[in-house]
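A.B. asks: What follows is each chain in one-letter form.
Number of protein chains: 2
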Amino acid sequence: MALISPSRRLRRTPFSEGVEAAGVKAYTVYNHMLLPTVFRSVQEDYRHLKTAVQVWDVACERQVELRGPDAARLMQMLTPRDLRAMLPGQCYYVPIVDETGGMLNDPVAVKLAEDRWWISIADSDLLYWVKGVVQGWRLDVLVDEPDVSPLAVQGPKAEDLLARVFGDAVRDVRFFRFGLFDFQGRSLVVARSGYSKQGGFEIYVEGGDIGMPLWNALMEAGRDLDVWAGCPNLIERIEGGLLSYGNDMTDDNTPHECGLGKFCDTQTAIGCIGRDALLRVAKEGPVQQIRPIAIEGPALPPCDRWWPVLAKGKRVGRVSSAAASPDFDTNVAIGMVRMTHWDPGTELEVDAGEGLRKAVVQPKFWI
Amino acid sequence: MALISPSRRLRRTPFSEGVEAAGVKAYTVYNHMLLPTVFRSVQEDYRHLKTAVQVWDVACERQVELRGPDAARLMQMLTPRDLRAMLPGQCYYVPIVDETGGMLNDPVAVKLAEDRWWISIADSDLLYWVKGVVQGWRLDVLVDEPDVSPLAVQGPKAEDLLARVFGDAVRDVRFFRFGLFDFQGRSLVVARSGYSKQGGFEIYVEGGDIGMPLWNALMEAGRDLDVWAGCPNLIERIEGGLLSYGNDMTDDNTPHECGLGKFCDTQTAIGCIGRDALLRVAKEGPVQQIRPIAIEGPALPPCDRWWPVLAKGKRVGRVSSAAASPDFDTNVAIGMVRMTHWDPGTELEVDAGEGLRKAVVQPKFWI
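Note that the protein sequences, when read in sequence, are chains P and H.
Numbering (UniProt numbering) for the first sequence: 1 to 367.
Numbering (UniProt numbering) for the second sequence: 1 to 367.
Read the hints as simulated data drawn from the structure, not as lab findings.
Because the structure is a prediction, the values reported are computed rather than measured.
Just so you know, not all the hints are guaranteed correct.
[Stated by the list, open to error] For each label pair, taking beta carbons as the anchor points, the in silico distance ranges come out as:
id: 1; chain 1: P; residue 1: 3; chain 2: H; residue 2: 297; range: 23 to 29 angstroms
id: 2; chain 1: P; residue 1: 85; chain 2: H; residue 2: 302; range: 48 to 54 angstroms
id: 3; chain 1: H; residue 1: 142; chain 2: P; residue 2: 146; range: 50 to 56 angstroms
id: 4; chain 1: P; residue 1: 180; chain 2: H; residue 2: 85; range: 53 to 59 angstroms
[To be verified] Calculated from the model, a selection of chain P residues having no Cβ within reach of chain H, i.e. all distances over 12 angstroms:
id: 5; residue: 67
id: 6; residue: 127
id: 7; residue: 185
id: 8; residue: 186
id: 9; residue: 199
id: 10; residue: 248
id: 11; residue: 347
id: 12; residue: 351
id: 13; residue: 354
[Unchecked claim] What the simulated footprint calls covered on chain P by chain H, stretch by stretch (three residues with Cβ under 8 angstroms from a Cβ of chain H suffice, anywhere in the stretch; the number is not a length):
id: 14; region: 16-26
id: 15; region: 303-314
All C-beta atoms in this analysis are idealised placements derived from N, C-alpha and C, irrespective of residue type, glycine included.
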């Protein structure tokens, strides 16, 4: 494995000091920002995430803020999910599509008010698409990247930890809802959400200056809960079927191919830029789709490129994420498979660059 | 220094095999793609670049292709540089600005034909801005990222090496012009350009399948020229005043602040989206600007964040790139300095996190 070269362009976060002090071993780059990937080891981090509580520097989930009279109209232009019933205080997972229905990002939209939204983005410069659309349509809305850095608290003991720092009222926050909670005189958005299946919260830290104070307060309060610094865990997120934009899907894929049809209301999402393009696929369904795939044999090499998925020597898909799962005693993987071969139980072969492996389409993700 | 975690999202290039075989030691991430930063050491790579010839995997300079009747109109909408006199076969360095005059990218535009352009981009998803603008304005133009990966050949012996592979006609290609040259039956755009001051070319490799054949042909043909695998060199590019988007400037900066006023013809660039916003700054000039800065003392730590530039304890700017220069026996740096303190010879102080250093504004970049 190679080193990562430091530069200002790979932005540090308000929590970088804490991450470094905790002994981060590796990073990826996400929205031009450092995202930790390993602390002790991917396997140790995995086990700990499932049993205790971790604090994650996910500042790289940058926000695109929409503010002004056209904010809600603009938000609906961006996604085929019908937003009419969405209330302030709610978070929606929203596929963002271009005029061809191709996915540009798969963020969480946070509705702060009718005329103020945050879009908490995956790894692409969604700000550029939104600004371009606003410019072309001359919308009356301000779009920018505010000084807001999410800090995630994930794991079975996350609620206990957060209650110690923000008070017991945080326990009442429902899934994909948020409340405003005080920390050192600042009112912060705290949502029950996060990129794991172990439960937890994301704190939208507004103002980089309170990043380390909050990090330290969480570490201090969680000492007897065995709190660690952590990060999104490759194994756990594959087990949980949490997709990664740029890995598992790109702008070539529709939301339906990604199994995100349940987040699309294409018929009623009036105003969505990709609506025309998606109406047909919404009705007829896609010809390929994301599937959980178990790959047999010993632990695979890192999945750093799409691995061909074959059936009788013919290419029928690709694997985009894979890892050896300690809990399920197999290589868990996410792939895109053609409809001819996507039924659960279908036996396939995967070419991970070291000979073909037997693989089986699973009925559902592991957790 | 930490490791970089492999994933499909950090895309490999058509030349990655060659880069790995050459013993790459470190990477950065650029346009969601791996960009090598060190082979032997930054200092050894530097010396070699100035004396011999290197082959650089700069596939991360992705292309935004514009094709169709509105392509030229669109290109002019994107930049304050007047493109009316530009001919097919020319390359222009073009600041790209938004409606506020803030820089979104600083690419090279390659005019293939009146209705077909490549924009060879720096590190931001310019494709998203361009697609948004096209969508909003309903322009009649196709915009996408083609399978084109630049391979740079840089250094004093670059022309000799290229002549061996493409024939002597390549010697006639003038600076920032390109010609079409044959390789294994494919016609490739070969431009005299590149991200160094040592001279050289960029080959726009169309079709990933010929990436490694071309890489190998160059390595083979250049054996007695002491050809190496190389990469943009931090020291050399600072000495040469080659700016890096995301390091030295962001969307907060106008082209004029970046010293790129000579590439702006704001008065006559009719149609440019940022024209209104830039007219005033084009006339009056900016209040801060990029400057070469020499920083005294021993070699500095890596510049992984903006370092404050101070005058009598007051902040008057920032340093965004810095490295110890063997040839100039000082730390060479690029900074943004307020007009009150930007005159050559002005003595300043730089806070690189380890005590204040004396620094002096230079009359020009070093090479």
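A.B. asks: Give a verdict on every hint.
C.D. replies: Hint check:
As the Cβ distance of residue 3 of chain P to residue 297 of chain H is approximately 25 angstroms, the hint placing it in 23 to 29 angstroms holds. For the pair residue 85 of chain P and residue 302 of chain H, the beta carbons lie near 50 angstroms from each other, so the given range of 48 to 54 angstroms is met. A hinted range of 50 to 56 angstroms is violated for the C-beta pair residue 142 of chain H and residue 146 of chain P, which are about 34 angstroms apart. Checking the proposed 53 to 59 angstroms range against residue 180 of chain P and residue 85 of chain H shows it holds: the Cβ atoms sit about 56 angstroms from each other.
Distance check on residue 67 of chain P: its Cβ is at least 15 angstroms (rounded) from any Cβ of chain H, clearing the 12 angstroms threshold; non-interface status holds. Here residue 127 of chain P does not stay apart from chain H, with its beta-carbon only about 8 angstroms from theirs, under the 12 angstroms limit. Remark: the non-interface label on residue 185 of chain P is consistent with the geometry, its nearest Cβ contact in chain H lying 26 angstroms away (cut-off 12 angstroms). Remark: the non-interface label on residue 186 of chain P is consistent with the geometry, its nearest Cβ contact in chain H lying 23 angstroms away (cut-off 12 angstroms).
With 12 angstroms as the threshold on Cβ separation, the claim that residue 199 of chain P sits away from chain H holds: the shortest Cβ distance comes to roughly 25 angstroms. The beta carbon of residue 248 of chain P sits about 8 angstroms from the closest Cβ of chain H, which is not more than 12 angstroms, so the claim that it is off the interface is violated. No beta-carbon of chain H is positioned within 12 angstroms of the beta-carbon of residue 347 of chain P; the least distance is around 24 angstroms. The claim that residue 351 of chain P lies off the interface holds: its Cβ sits roughly 14 angstroms from the closest Cβ of chain H, which is beyond the 12 angstroms cut-off.
The claim that residue 354 of chain P lies off the interface holds: its Cβ sits roughly 15 angstroms from the closest Cβ of chain H, which is beyond the 12 angstroms cut-off. Check on the region 16-26 of chain P: 3 of its residues sit with their Cβ under 8 angstroms from a Cβ of chain H, so the three-residue criterion for coverage holds. For the region 303-314 of chain P, the proposed coverage by chain H is satisfied: 4 residues have a C-beta within less than 8 angstroms of a C-beta in that chain, meeting the threshold of three.
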